[in-house]
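Student: Chains as they are written, first to last, in this note's numbering: chain A, 1 to 112; chain B, 1001 to 1112.
It is possible that some hints are incorrect.
With a straight-line cut-off of 20 Å between C-alpha atoms, the simulated SDA-like cross-links for lysine to any residue are [to be verified]: (1) A/K60 / B/I1096; (2) A/K104 / B/Q1105; (3) A/K49 / B/I1096.
Footprint (simulated), chain B over chain A, 3 or more residues, beta carbon under 8 Å [to be verified]: (4) 45-58; (5) 98-112.
If you're looking for bench data, these hints aren't it; they were derived computationally from the structure. Just so it is clear, the structure is predicted and the values come from calculations on it, not from any experiment. Ideal Cβ placement from N, Cα and C applies to all residues, glycine included.
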Amino acid sequence: GDSVTQMEGPVTLSEEACLTINCTYTATGYPSLFWYVQYPGEGLQLLLKATKADDKGSNKGFEATYRKETTSFHLEKGSVQVSDSAVYFCALIGGSQGNLIFGKGTKLSVKP
Amino acid sequence: ETGVTQSPTHLIKTRGQQVTLRCSSQSGHNTVSWYQQALGQGPQFIFQYYREEENGRGNFPPRFSGLQFPNYSSELNVNALELDDSALYLCASSFIENTEAFFGQGTRLTVV
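Build out the structure end to end from the sequences listed, making use of the hints.
Tutor: As structure tokens, then:
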């Protein structure tokens, strides 16, 4: 069935460092892809999305490009801030139910 | 702010009891989905409702049931609670035509 695999955490970076969180997927067809962020004690917030191949989603300095050839949707940011500390989830719309399928999440900690 | 609200925010129940969690969808959204997020894991799809009918279900037993009301608010009911039901329960709303889902802050259920 459809699935999402993202890099294991936790990831610890210094402020202003570059971030990449890898995400690959397995799905039939070409699903819409998402990155969600979860701050401590909160629900999920949609960070960015891409609905077709070669689309680039971007928001708050984060970017991810839908790569059909490599079935990937890696999250990147050029300069992280302490306020970016959170858990990041890669997800797709898929399965027989058309529901969101999530990766296990990657915890990011940014130190001043 | 996403506009999806859940209640209560925290709940402690005893094994074998029943629980009802509530969700108010974002204005204009006609689809609601429920997810279970165990500690350190990604959210898992429980079921989805569209126009008061269940139209998708994940791998959860029948003791997990739900309702959607004419105003598109929703309930998640869990009977015969087990210790493994302890988790964060997330509600998400969306337009059926729009794959973007907006999440509430979740209800933290602890079963003792």
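Student: Now look at each hint and say whether the structure bears it out.
Tutor: Cross-check of the supplied hints:
For the hint pairing A/K60 with B/I1096, the CA-to-CA distance comes to about 27 Å; that exceeds 20 Å, so the pair is violated. For the proposed pair A/K104 and B/Q1105, the alpha carbon gap of about 18 Å is at most 20 Å, so the pair holds. The straight-line distance between the Cα atoms of A/K49 and B/I1096 is roughly 17 Å, inside the 20 Å bound, and the hint therefore holds. Coverage of the segment 45-58 of chain A by chain B holds. Counting CB-CB distances below 8 Å, 4 residues qualify, and the rule asks for three or more.
Counting residues of the segment 98-112 of chain A whose CB falls under 8 Å from any CB of chain B gives 8; the rule of at least 3 is met.
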